[in-house]
Structures are given as structure tokens and as C-alpha cells.
Amino acid sequence: MTMSDEQDGRVGQVGGIGPVDPVETAIDDIARHMTESAPGADFTARVLARIDSSDDRSWQRRWAWVLSPIAVAAVLIFAVLMLRAPWRSAPKGTPSSVPSVAVAQPPRPEVRLKPDATHTADGTNEVATTRGARTGSRSVARSGNEIARVGPAESDLAPAPIDIEPLGIEAMGSTSLAPLSVDAMESIDVPRLDVPPIEVPTIGEQ
Amino acid sequence: MTDGELVARARDGDHAAFGELVDRHRTAVYRAALAALSSHADAEDAAQDAFVLAWRRLGSFRGDASFKTWLLTIAWHQAINRRRSLVGWWRRTVQADAETVEAGVPAPYVASGSSPALGAGFCRTTGFDRSSNETPEQLLAKGRLRNDIRRAIRALSPKLRDALLLAQSGDYSYEEIGAMLKAPLGTIKWRVSEARRGVKKALRERGYDDVG
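Chains as they are written, first to last, in this note's numbering: chain A, 14 to 219; chain B, 78 to 289.
A couple of the hints might just be wrong.
[What the hints assert, rightly or not] In silico lysine to aspartate or glutamate, DMTMM-like type, Cα no more than 20 Å apart, as pairs:
no., chain 1, residue 1, chain 2, residue 2
1, B, K145, B, D122
2, B, K219, B, D122
3, B, K278, A, E49
4, B, K278, A, D42
5, B, K219, A, E183
6, B, K266, A, E37
7, B, K219, B, D287
8, B, K266, A, D34
9, B, K219, B, E282
10, B, K277, A, D65
11, B, K145, A, E49
12, B, K278, A, E37
13, B, K219, A, E178
14, B, K236, A, E37
15, B, K277, A, D42
16, B, K266, A, E212
17, B, K259, B, E82
18, B, K145, B, E82
19, B, K145, B, E121
20, B, K219, A, D34
21, B, K277, B, D225
Derived by calculation from the structure, the hints in this document are not laboratory data.
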């Protein structure tokens with residue numbers, strides 16, 4: 014039976030009085046055996062070696078903590094500069110000296126598909142819909158005989174303007190129509206069609 | 078030289094003074110780690126970690142408790158962290174099975190050729206002790222009983238097992254165990270007696286009828 018070490022405060026059998034039960038004695042004995050071993054003889058040397066190496070590495074760790082955010086910041090700045098670099102911007106179309114793109118279209122006769130109530134007095138009108146051959150260049154809303162010119166290179170390829178006298182078509186006057194009267198309509202002689210009722214035999218009689 | 082004087086020197090960077098402290102307390106630190114981890118390799122690693130951490134934190138040692146108590150709390154914390162890690166759990170699970178096969182036979186039954194590195198509690202059996210008056214059947218029954226007790230201790234809840242192992246180790250005072258387990262004295266005593274009851278209950282369930 015394990016003796017209690019109450020004099021120096023050590024715990025051998027807790028409570029000061031050892032158990033008389035042999036099973037408890039065996040339990041305490043085996044519990045003591047489970048932790049009875051000791052570390053190796055070179056334990057102290059290994060601890061001191063770890064302390065020495067950790068002291069050497071400590072300044073490296075300190076510098077790593079200082080340099081790593083600087084490195085991250087440098088990478089971010091570089092990335093931002095690369096994204097916003099001037100040579101990465103999309104090229105602007107035509108040089109600024111060239112006037113804005115306009116269409117060289119010869120004056121063509123206007124063909125209205127609908128009566129246009131917006132006809133003005135001076136003969137010019139706004140085109141609701143136009144129809145005509147396009148030369149493949151862009152169409153621009155225009156008024157009257159305005160002609161827009163394109164750049165010198167495209168004007169060389171454009172066909173020569175054709176002078177056609179505009180057709181002056183007078184607008185139709187709108188007349189009000191009289192409401193239709195059913196009684197005034199001529200009747201159409203259609204013979205009355207008598208259709209005998211269809212007899213459907215009930216189910217079961219067949 | 079007292080622990081306090083050695084600590085003062087170690088704070089000034091004296092590695093030899095700290096080495097002396099390691100020599101004085103390495104067994105207690107190691108056994109506390111072993112009680113928590115049940116594995117010699119893990120216990121050595123945890124004990125080394127504890128001393129290295131204590132070296133780094135020497136400046137924070139205020140002297141409210143003894144250096145040994147302060148060191149044991151660090152060691153216990155390191156061991157518990159290791160116990161909670163998955164890798165440590167796996168190693169202990171595998172090693173516990175291996176040690177259970179090897180152990181279970183007390184020292185008197187070991188032949189002279191046993192390996193000292195394993196410690197007195199982990200001895201291989203080479204046969205019964207001819208000098209004993211017990212029959213082979215009795216020796217076998219004893220060995221089986223010790224095996225079952227060991228298994229029952231391992232099966233206890235961590236709180237009860239830790240209290241029992243630390244209390245029976247013989248290296249720690251009540252105050253030191255209380256500081257490690259962060260529990261008052263009465264709670265520690267209660268846990269130890271509860272651990273014993275738990276082991277006896279497990280033995281009865283295994284068929285040991287004469288267990289009290």
C-alpha cells in the first residue's frame with residue numbers, strides 16, 4: 014500500500030488516509046506506473062539547442078513580419094499601375110482633327126409612305142420614314158438639302174451627286190366621311206337556309 | 078542556488094542557469110505531460126515545448142507562485158493543446174493499443190533483459206517469476222486484472238483520469254495540481270475518488286465480482 018506524503022504536501026493517497034481496499038491499492042499503483050517514466054538523458058541539451066536556434070530565428074521572424082506587409086503593398090501598387098497604364102487604354106477612333114463622322118449622301122427624293130401632317134410651309138419636312146439606297150455609310154437625320162461630307166478618303170469613293178428636282182406633291186385634304194347607315198345599304202338577296210335539327214339517338218337504343 | 082536566483086540569471090540571458098532549471102524540473106514536467114497524453118513521444122515533445130515557451134515568457138513570471146507551479150501550468154496547457162489536436166489523438170489511439178499489448182505486467186515479473194527506455198511501467202513479460210509463491214494461474218489472473226485496470230483508467234473521462242494520474246504520480250502537491258487543472262482542492266479530491274469508483278465499476282462490468 015502506497016504511503017501518504019502529507020509532510021511535504023505531496024499527494025500519495027488523497028485525503029491522508031490510505032485506502033484499505035486492495036483494489037483501490039491496485040488502481041493507485043497502476044496509475045502511478047502509468048506516469049513513472051522519465052525523459053531521455055539528452056532532454057536538457059535538446060531544449061537548450063531549441064532555445065538557441067529559436068533565438069537565431071527570432072530576428073528573421075521579426076523582419077518577416079515587417080517586410081511581408083511592405084511586399085504585399087508593393088505588389089498591389091504594381092498591379093494598380095499595370096491596370097491603369099496609358100498603353101493599356103483603348104485607342105480612340107479617328108483623330109480629333111477629323112470632324113465628326115457624317116454621311117455623304119446625295120440629296121434623294123423623299124418618298125413618304127404615309128400622309129405627313131407635319132408638312133411645313135416652306136416645303137421642308139421632317140422625314141418620318143425614308144426609303145432609298147444607302148451607300149453603306151451611316152445615316153444621319155437631316156433637313157432639306159443639307160449635305161454632310163466625310164473625310165477626304167471616303168469622298169473620293171463616293172459617287173457623284175445626282176441632281177434631281179424634288180417632286181412637289183401637294184398634301185391631300187382630309188375630308189370627313191359620313192357615318193355608314195345600315196338601312197341605306199342595299200340588301201343582298203340570300204336565300205334563307207333551313208337546316209333541320211339533327212336527331213341524335215341516345216345511347217342504349219342502338 | 079534557488080529557483081528564484083536561477084530565474085533571475087536566466088532572464089539576463091544565462092542559458093546555463095536555465096539549463097539548471099530544466100534539469101531540476103524536467104521529470105515533473107514530463108510526467109505531467111505523460112498523464113495528459115499517455116504517449117512518451119508526445120510527452121517529450123510537449124515538455125520541450127513547455128520549456129522553450131517558459132524561456133520566452135520568463136519576463137512575465139511575476140513570482141506570485143513558485144517557478145515549478147508556473148512551469149507546470151505552461152506544460153499542462155501545452156499537453157492539453159496537443160491532446161486536442163487531431164494528429165495527437167490519432168497517435169495516442171494507435172500507440173495506446175500497442176502499449177496495452179506490451180504492458181499490463183508489473184515489474185516483479187520482468188526478466189533482467191527488459192528495456193530501460195520503456196520505463197518500469199512498460200515491461201514485457203518473459204514468464205512467471207519462479208521466486209514467487211504464486212501459481213502461474215494466479216500470476217496470469219493478476220496480469221489480466223492489471224491490464225483491465227489500466228484499460229479502465231484510460232476509459233475514464235479526461236477530468237477524472239487527469240486528476241487520478243497526477244495525484245498518484247507523487248510529484249505534485251495539491252496546490253500544483255489545482256493550478257494545472259484550474260480547480261480547487263476539494264474538487265480534485267472528489268475527482269480522484271470518483272475516478273476510483275469509475276474504475277471499480279468498470280471492473281465489475283468485466284466480471285470481477287469481488288471488487289468493492
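Checklist entry - Where does the structure disagree with the numbered hints, that is, which hint numbers, in rising order? => result 2, 3, 5, 10, 13, 16, 17
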